[in-house]
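> Residue-level listing of the chains:
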Amino acid sequence: MNVPLPMFVAVPLVVAFVLPVLPKAGKAVATLLANLATVCLVVLAVLSVGEARVYEMGGWSIPLGINLVLDGLSSLLLLAVSAVSAAAMLFSTRYMEQYTAKPKFLSLFLLMVAGMNGVILSGDVFNLYVFLEIASIASYALVGFGCEHEELEAAFKYMVLGSIASVFILFGVALVYGNTGSLNMAYISRAIQGTGMNAGLSFALSLFIVGFGLKAALVPFHAWLPDAHPSAPAPISAMLSGVLIKALGVYALARLIFNVFGVSIPVGWVLIALGLLSMVAGGFLAIGQWDFKRLLAYSSISQVGYVVLGVGLGVLLLATGANVAWASLAILGGLFHLVNHSVYKSLLFLTSGSVEMATGTRQMKDLGGLADRMPVTRAACTVASASIAGVPPFPGFWSKLILVIAAVQARFYWIAAVIVLVSVCTLIMYLKVQRYVFLGEVPESLRDVRESRGSMLAAMVFLTVLCLAMSLLVLVPSLRVAVLEPAVNVLVNGADYSIQVAGL
Amino acid sequence: MKGMTVIVKTVSSWVKVLIFLFGIYIILFGHLTPGGGFAGGVILASSYVLLMLAFGREFVEDNLPLPVASRLDCLGALLFALIAVLGLALGGTFFVNFLYQKYLVGEPFKLVSGGTIPLSNLAIGLKVGASLFLVIFALSVFRCDSEKPGSPRLSDPPAEKKE
Amino acid sequence: MLYALCFLLFMIGLYCAVVKKNMVKIVVGIMIMEYAVNLFLIMLGYRAGGTAPILHASQVDPQTASITAHFLNTAVDPLPQALVLTSIVISLGSLALMISICIRTYAKYGTFDITEIRRLRG
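Chains as they are written, first to last, in the working numbering: chain A, 292 to 795; chain B, 21 to 183; chain C, 4 to 125.
Isolated chain A, as found in the complex (with noise of 0.2 Å):
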């Protein structure tokens, strides 16, 4: 079906622009309209898998307008972020409950959302840079939405952060746009192909490197983060764990180096040195944390160090010239371990939140024998947890599998060991919060601990359902071959880029 690719952007935005509009005891429409508006983002985004297409806005043609393009990789992380976005959605309407200005909040997570799609859709650089901004300061003010004071504190370093990170992006785009004269990644691609790199485009390239990873908080730019996710109310942190990281760093960086710069060697060991910086730091931070949340941050940066490091392996293997099939399957565990991560970290976030609404506090020293009082939270997070930390039939344990056997292909042992310790760090970690959160004593204090209803509860057993159905997305092949194979072929062909959406 031939959706139109603006509606993923205008159906967020026109409903974030029209909830302030009603009146204020008009809450409970605010709230359907909101749930509407992200189921109805899911629908399109299953409409439109398997389809390749590019729209140029206004009808000017390319170079001339700005185009979205949707491909393959498009279609997978337009599935991921509004599955994310809806289950999050839902969660909220119980969860913000405890907060004031809850329409404000809806307009908000609304815009962060269109935002996000506008960078995942967009084929043009600068109108990257554009949305990319729109859906950061969304994120920005809702980080500090309870106006507390550690609230603050984390959203003003997040915000310091990650603005400096947008003006060296928009320095990259400036430095793109003065050597090549276009705008368009298309026509950028096609220039660079000419030409080569000159010293211009390389410090652009590593302008983008350095603002892409500090947005998608790899490791010496990810100080940000574990003051930010944990200060967050629970559904906030879900997105921008699970979706806003991958889709405004890790996505929008693989979309550079693959297809418009073109794969490089020193690129590909730069990305697999970060990757490998970031799995293992966050992996140790985050076996001494004793805040769960903040426990969940820094096993943020650690995922999404090994997602860098499947691309970056998949760089390195093009750009040296070996077997095509061996960089495809280290792109494809990168990518499937993205989607794998956007699911069950949100799950995570989202059960942290419902044992937080419960009992008032994070500390996991404070908390303890919740199994039998919440249930329903208990057996989401044994799921996440087994699937985070690559147990057997779960998920977690495919991408990561695709991930060491890529790496021992391509005859990087030292790499595929690290990969093997860093998930027994995870495991470790995860064991952890299964023992003080839910196993053990209940303290006094929580003796009348319920389960969470309603919303919240539909939520999280929608993301379990979600994650228990990953694994069919690379064990049957009809699937596999209809959403994962399409995204990776477009980054191993990067250099069709061009050829395919402008015809050049």
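Take the hints with a grain of salt, since some may be wrong.
The calculated DSS-like cross-link candidates involving lysine-lysine, where the alpha carbons are at most 30 Å apart (straight line), are [stated by the list, open to error]:
| no. | chain 1 | residue 1 | chain 2 | residue 2 |
| --- | --- | --- | --- | --- |
| 1 | A | 656 | A | 723 |
| 2 | C | 28 | C | 111 |
| 3 | A | 315 | C | 111 |
| 4 | C | 23 | C | 111 |
| 5 | A | 395 | C | 111 |
| 6 | A | 318 | A | 393 |
| 7 | A | 393 | A | 315 |
| 8 | A | 318 | A | 395 |
| 9 | C | 111 | A | 393 |
| 10 | C | 24 | C | 111 |
| 11 | A | 315 | A | 395 |
| 12 | A | 656 | C | 111 |
For the record, the hints were derived by calculation from the structure and aren't laboratory data.
Got chain A sorted already, so can you dock chains B and C onto it with the hints?
Positioned in the frame of chain A, the structure of chains B and C alone reads:
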């Protein structure tokens, strides 16, 4: 906030009309001369800022209450989205200039020309003007207590400022 | 040469954002960086001896309704100007949010000094 002296109040009550008119001029002629929606909107908001400085915050709040400004803001954004969606419905592509293509071509270099671009300018000018007014109004809620310097409060009612 | 001065301004802004301890000075540093990048972007379109890219009726050939070659050869590039306009709007929104976070933080903590606002650690 109390406001300023009689001279400032008198002069600003004459000048505010000129500033507002200038803002509307910049918005309307945005497709012919430099400026357009954003610059015109900023000038509209700055006329209200002048009023806020000269007469005090309460006067402006009675003049343009916050819920009205918020609704004008959303109205501007929805108008812009309406123009884009009408382009999809009437012209076939999102955001296409459907007035220029079919209905109202106009002559170049006159006020009625350029299709939907002047309408987009109007929508943006309305939105930016209302938004900036709301932002500056919201930022001016915080004030310092003049007896204990360095300790701000978030509160109304405003204390009497010692001259 | 002018591009190097732009880059120097960018570095000054980066130094200010990284080294200073007062929250408002950090915000000012970020604004200087954005200003430097906007300046760089505008200078990319410059053409020596060029004119503003505003079309006037005298620059349109009446018979063929096409723009005269003289205008096309002397006008400055208008695309970076549109980009900078968008970038200024974005940095305005970002600045408003940063200042409001600063004000709220001052109301809660009582200080603008970031070395004293350190409840989150580990």
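> Each hint: holds or not?
Right, here's what the structure says about each hint:
no.	hint	in the structure
1	A:656 with A:723	holds, 11 Å
2	C:28 with C:111	holds, 19 Å
3	A:315 with C:111	holds, 28 Å
4	C:23 with C:111	holds, 21 Å
5	A:395 with C:111	holds, 22 Å
6	A:318 with A:393	holds, 8 Å
7	A:393 with A:315	holds, 10 Å
8	A:318 with A:395	holds, 11 Å
9	C:111 with A:393	holds, 22 Å
10	C:24 with C:111	holds, 18 Å
11	A:315 with A:395	holds, 11 Å
12	A:656 with C:111	holds, 28 Å
When the structure is compared with the earlier hints, no violation turns up for any of them.
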